[in-house]
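Novice: Chains as they are written, first to last, in our numbering: chain D, 1 to 170; chain E, 171 to 347.
Some hints here could point you the wrong way.
To be verified - Below are the BS3-like pairs computed for lysine-lysine, each with C-alpha atoms no more than 30 Å apart in a straight line:
{"hint": "1", "chain 1": "D", "residue 1": "K167", "chain 2": "E", "residue 2": "K272"}
{"hint": "2", "chain 1": "D", "residue 1": "K105", "chain 2": "E", "residue 2": "K345"}
{"hint": "3", "chain 1": "E", "residue 1": "K218", "chain 2": "D", "residue 2": "K167"}
{"hint": "4", "chain 1": "E", "residue 1": "K216", "chain 2": "E", "residue 2": "K272"}
{"hint": "5", "chain 1": "D", "residue 1": "K37", "chain 2": "D", "residue 2": "K101"}
{"hint": "6", "chain 1": "D", "residue 1": "K167", "chain 2": "E", "residue 2": "K330"}
{"hint": "7", "chain 1": "E", "residue 1": "K330", "chain 2": "D", "residue 2": "K101"}
{"hint": "8", "chain 1": "E", "residue 1": "K229", "chain 2": "D", "residue 2": "K167"}
{"hint": "9", "chain 1": "E", "residue 1": "K216", "chain 2": "D", "residue 2": "K104"}
{"hint": "10", "chain 1": "E", "residue 1": "K330", "chain 2": "E", "residue 2": "K345"}
{"hint": "11", "chain 1": "E", "residue 1": "K216", "chain 2": "D", "residue 2": "K167"}
Honestly, the hints are just simulated from the structure, not real lab data.
Given next are the chains, with one letter for each unit.
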Amino acid sequence: MLQDMGMTSALTKSDHRGDYYTTLARQLADFLRPKLKQAGGLLTLTDVYCFFNRARGSNLISPEDLLQAVSCMKELNLGMSLRDFPSGLRVVQDESFNDEKMAKKLLVLAEHSPEECLTALDASRALHISALLANEQLLSAERMGYICRDVTLEGTRFFPNRFNDFKWIS
Amino acid sequence: MGGRDFEFPEFYSFPPFFTIQPVLATREKQLNLWRELILRYHTEYKIKTLVVHDCPLWKNTSIGRELDTQDIQVIMADLVQSGHGEWEDPTVQTRCRILWRKPEQLASDIYEWAQSNGFVGSVCTVYELHSGEDVNGMSFQGADEELLRRALEILENQGKCTMFKGDTSSEDGIKFY
Numbered sequence: 001m002l003q004d005m006g007m008t009s010a011l012t013k014s015d016h017r018g019d020y021y022t023t024l025a026r027q028l029a030d031f032l033r034p035k036l037k038q039a040g041g042l043l044t045l046t047d048v049y050c051f052f053n054r055a056r057g058s059n060l061i062s063p064e065d066l067l068q069a070v071s072c073m074k075e076l077n078l079g080m081s082l083r084d085f086p087s088g089l090r091v092v093q094d095e096s097f098n099d100e101k102m103a104k105k106l107l108v109l110a111e112h113s114p115e116e117c118l119t120a121l122d123a124s125r126a127l128h129i130s131a132l133l134a135n136e137q138l139l140s141a142e143r144m145g146y147i148c149r150d151v152t153l154e155g156t157r158f159f160p161n162r163f164n165d166f167k168w169i170s
Numbered sequence: 171m172g173g174r175d176f177e178f179p180e181f182y183s184f185p186p187f188f189t190i191q192p193v194l195a196t197r198e199k200q201l202n203l204w205r206e207l208i209l210r211y212h213t214e215y216k217i218k219t220l221v222v223h224d225c226p227l228w229k230n231t232s233i234g235r236e237l238d239t240q241d242i243q244v245i246m247a248d249l250v251q252s253g254h255g256e257w258e259d260p261t262v263q264t265r266c267r268i269l270w271r272k273p274e275q276l277a278s279d280i281y282e283w284a285q286s287n288g289f290v291g292s293v294c295t296v297y298e299l300h301s302g303e304d305v306n307g308m309s310f311q312g313a314d315e316e317l318l319r320r321a322l323e324i325l326e327n328q329g330k331c332t333m334f335k336g337d338t339s340s341e342d343g344i345k346f347y
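Chain D on its own, in the form it takes in the complex (with noise of 0.2 Å):
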């Protein structure tokens, strides 16, 4: 991830690695949960680090420690997971957060735009996401059948699926 940058951590971990991670994971956790709600449920894994690291000033963790520490929060219920998606991207994931939900609001917002179309960039500013997290959402509520795409030279829309209501009419 972002290893090259030479980020390690500063504190010694071999002897107590289990506490260490369980602490962390606590402490991200914490720092985490209004900035989650901020931002509508949904984090990278990116964010995290910046916005953790930035906090911290010193003793930084590295993108390894991070990825352990939220590796464990499921199993410690702290109210927030990790989470793939099948682009690869991952994010830090708020449990109230529901995919359905994300996708009908996505629909909505399609339905009531001026070409009844999405950009990702559309769906970001609507959402105060970041693009890439919106272009995430898009293409989850696509694969839930809520919303089509249109393909371009000047790119991608989301569409309202009308394909489930297409009738011939003769």
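Mind docking chain E on chain D? Use the hints.
Specialist: Using the frame of chain D, we list chain E on its own:
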């Protein structure tokens, strides 16, 4: 071209119709619509063969969308697989015969009709099958003779009829069993 303009359906102006959908469930519905469009268009204008590079359906200039060659291949493959299309040139795949009704469908429709109208054990001509008085409303009414023959061939293979030659091809007879 026919006298009246073909009325394009609503989905022909829906931009995503021209992007082959990656989600399979959606794609299935999309391909069904393309198949129906192709069949109706070619039937309306009585065009028996779809020439892939000449077909005007692939592009809708009014919405600025068109299918690319790969997309067209997907649609044609689906058409053929559904039994509604048959390549005249399977190796190059440029010309496709449009089968509005699948020969298998027609075959069973014809035999059912023959049974319920008392033609089993008796004879009728090919002409009577597509244009006779008794076939009003049947799926094979007005069918292309070539298509009818394919259907009858199927029935022959099933032992449900035999064909014999008449004075003209329309007078060829069919005896049902």
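Novice: Next, verify each hint and record whether it holds.
Specialist: Consistency of the hints with the structure:
no., hint, verdict
1, D:K167 - E:K272, "21 Å, holds"
2, D:K105 - E:K345, "63 Å, violated"
3, E:K218 - D:K167, "25 Å, holds"
4, E:K216 - E:K272, "16 Å, holds"
5, D:K37 - D:K101, "15 Å, holds"
6, D:K167 - E:K330, "37 Å, violated"
7, E:K330 - D:K101, "57 Å, violated"
8, E:K229 - D:K167, "21 Å, holds"
9, E:K216 - D:K104, "44 Å, violated"
10, E:K330 - E:K345, "8 Å, holds"
11, E:K216 - D:K167, "23 Å, holds"
Hint compliance for this structure: hints 2, 6, 7 and 9 are broken, all remaining hints hold.
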